[in-house]
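Please take these sequences and the hints and turn them into a complete structure.
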Amino acid sequence: MKRTVHPDGVSLTLGITLFYLGLVVLLPLSLTILKSLQPGPELFWQIFTSPRVLAAFQVSFFSALTAAMINGVLGFLTAWVLVRYPLPGKKILDALVDLPFALPTAVAGITLAALYSPTGWIGSLLARIGIPVAYTPSGIVLALTFIGLPFVVRTVQPVLQAVDGGLEEAAASLGAGRWQTFWRVTLPTLIPAVLTGFTMAFARGLGEYGSVIFIAGNRPFVSEIVPLLIITHLEQYDVIGATALAMIMLAVSFLLLLLINLMQAWMSRRYPV
Amino acid sequence: MSAVLDWSRYSSPVTQDPLWVRRLLSGMVVLFLMLFLVLPLIFIGVQAFGKGIHVYWSALSNPDSLAAIRLTLLTALLVVPVNLVFGVCAAWAIARKEFRGKNLLITLIDLPFAVSPVISGLIFVLLFGAQGWLATWLNDWQIKIIFAVPGIVLATLFVTLPFVAKELIPIMQARGRQEEEAARVLGASGWQTFWHVTLPGIRWGLLYGVILCNARAMGEFGAVSVVSGHIRGLTNTMPLHVETLYNEYQGAAAFAVASLLVALALVTLVCKVWMERQQGEVKVEKQGKE
Numbered sequence: 001m002k003r004t005v006h007p008d009g010v011s012l013t014l015g016i017t018l019f020y021l022g023l024v025v026l027l028p029l030s031l032t033i034l035k036s037l038q039p040g041p042e043l044f045w046q047i048f049t050s051p052r053v054l055a056a057f058q059v060s061f062f063s064a065l066t067a068a069m070i071n072g073v074l075g076f077l078t079a080w081v082l083v084r085y086p087l088p089g090k091k092i093l094d095a096l097v098d099l100p101f102a103l104p105t106a107v108a109g110i111t112l113a114a115l116y117s118p119t120g121w122i123g124s125l126l127a128r129i130g131i132p133v134a135y136t137p138s139g140i141v142l143a144l145t146f147i148g149l150p151f152v153v154r155t156v157q158p159v160l161q162a163v164d165g166g167l168e169e170a171a172a173s174l175g176a177g178r179w180q181t182f183w184r185v186t187l188p189t190l191i192p193a194v195l196t197g198f199t200m201a202f203a204r205g206l207g208e209y210g211s212v213i214f215i216a217g218n219r220p221f222v223s224e225i226v227p228l229l230i231i232t233h234l235e236q237y238d239v240i241g242a243t244a245l246a247m248i249m250l251a252v253s254f255l256l257l258l259l260i261n262l263m264q265a266w267m268s269r270r271y272p273v
Numbered sequence: 001m002s003a004v005l006d007w008s009r010y011s012s013p014v015t016q017d018p019l020w021v022r023r024l025l026s027g028m029v030v031l032f033l034m035l036f037l038v039l040p041l042i043f044i045g046v047q048a049f050g051k052g053i054h055v056y057w058s059a060l061s062n063p064d065s066l067a068a069i070r071l072t073l074l075t076a077l078l079v080v081p082v083n084l085v086f087g088v089c090a091a092w093a094i095a096r097k098e099f100r101g102k103n104l105l106i107t108l109i110d111l112p113f114a115v116s117p118v119i120s121g122l123i124f125v126l127l128f129g130a131q132g133w134l135a136t137w138l139n140d141w142q143i144k145i146i147f148a149v150p151g152i153v154l155a156t157l158f159v160t161l162p163f164v165a166k167e168l169i170p171i172m173q174a175r176g177r178q179e180e181e182a183a184r185v186l187g188a189s190g191w192q193t194f195w196h197v198t199l200p201g202i203r204w205g206l207l208y209g210v211i212l213c214n215a216r217a218m219g220e221f222g223a224v225s226v227v228s229g230h231i232r233g234l235t236n237t238m239p240l241h242v243e244t245l246y247n248e249y250q251g252a253a254a255f256a257v258a259s260l261l262v263a264l265a266l267v268t269l270v271c272k273v274w275m276e277r278q279q280g281e282v283k284v285e286k287q288g289k290e
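Going down the list, the protein sequences come from chains A and B.
The first sequence maps to residues 1 to 273 in our numbering.
The second sequence maps to residues 1 to 290 in our numbering.
Worth flagging that the hints you see were computed from the coordinates, not collected in a lab.
Don't take every hint at face value.
[Unchecked claim] In the DSS-like style, the derived pairs of lysine-lysine whose C-alpha atoms are separated by at most 27 Å in a straight line are:
hint	chain 1	residue 1	chain 2	residue 2
1	B	Lys102	B	Lys51
2	B	Lys272	A	Lys91
3	B	Lys166	B	Lys97
4	B	Lys102	A	Lys91
5	B	Lys272	B	Lys166
6	A	Lys90	B	Lys97
[Said to hold, decoys possible] Here are some of the chain B residues that sit facing chain A, going by a computed Cβ distance under 7 Å:
hint	residue
7	Leu24
8	Leu25
9	Ser26
10	Gly27
11	Leu37
12	Pro40
13	Gly45
14	Ala90
15	Trp92
16	Val118
17	Ile119
18	Leu122
19	Leu126
20	Gly187
21	Glu243
[As the list claims (entries may be wrong)] Partial pick of chain A residues on the chain B-facing surface, computed with a CB cut under 8 Å:
hint	residue
22	Val10
23	Thr17
24	Leu74
25	Trp80
26	Tyr85
27	Leu93
28	Thr105
29	Ile129
30	Ala203
31	Ile231
32	Ala242
On a predicted model such as this, the values are computed, not experimentally measured, just so you know.
All C-beta atoms in this analysis are idealised placements derived from N, C-alpha and C, irrespective of residue type, glycine included.
Okay, here's the thing in structure tokens:
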């Protein structure tokens, strides 16, 4: 029989972990869910189907989706170039990819808003060719693209580094062109990583607040996101309305978290390191 | 991790993209990153210092700015150590013992990352706010949590809870238990084992987790914005103060305070690069010994 020696303190540390997690995360979250059930399903439905709320969900959903798709493409390209091509200053560019993670969202928010406003450095150029960005829905997409970029780059990069060069060589030696090899051999192995990064960026984009509100213009029915509407409800002392919206967002977040976990399990099966 | 295969030196001609493809894609990516990441940084610098160092300095030494800086430091000082202890405990328990529901526990630790910052603030309003579960009790005892410093600390605790644990769990799982078990068999106490065997092995991950946790604690906006009440000089943290200044059309002052947060972000990035290099060296050393 094999005996394992447990270092002391496993039950103590596990106890601390569960207690603290319960107190700071699980208790407040479950009480929130409980609170949202109080008004009953009818009122809940009424809040959810009010035109302003539906519009906000539409804005949040489609801007997060668009931004995640842009990130899917640009993030993939960035990872590809950073891994495969020699580039001057590559290490600095590579480190900078994490900037959106490290930069406080409010700072990102005011910077993007000022940079892309009709009088800003980039905004004035875009205004001249008739593309307003700040204070329109495309401003939201811009902010969410900024916030979500590292997710795709950082999930694709390690997989791309680990891709077996032999496979590509085999494809080439069997007569495949470079494009064919990419399309049939390299890309399929990278798809799970791209999808995982895409979903993470999407999930983050749905709940994002700080970087968006400065650039969005926040017009109801046009560029008002759900997190802002929650705060608006709270400021009008409509706790029930705020909680109902939060409940729906929580449900979506949990589903996405589950999806991301499943995808990561899929990835670790695809690329056993 | 980054040293698996350096593709840029991988020069087998059959697997190399044509020169024009390499140039086109490199050009696109460099232009994109310059416009998207570098230009905003330059812009912040110009906005903050554009009206002269004097304006910059007076924006920072304004009493409200100083109060915001102090509150942000206080919050981080309270929050980071607590989540550090939690992270070490969680990683220790998860890496050292098999138990049912372990994966569920790891998912639950990640939960604050999945929740919108606004909701992270809202849950504490529902607990401690004027219409919250504990409202009457708090009223009786004259305790103020929402629109006061305790609420800010609580929301920040929630938001930054996963950082240290998330860095440490994979490192400790990958290290295995053999070294600790050997120490135990040789008579070390649990505490001695942790201090002399475990800690040296996880120190870079630990430090990086702390730095990330600190960056988020100082930079958190959404959650803190819900619970703070935006009282100037009292419950405005640095990010909230940036918002206040910006909305009052004090752009230069807003970007001056923001520049401090940018410096924090850049330090965080430099630490990350440095930490990865340290970890790489540890790996190479180990491989050399084997």
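*Okay, which hints does this one fail, numbers in order?*
Those not satisfied are hints 1, 4, 6, 7, 10, 13, 20, 29.
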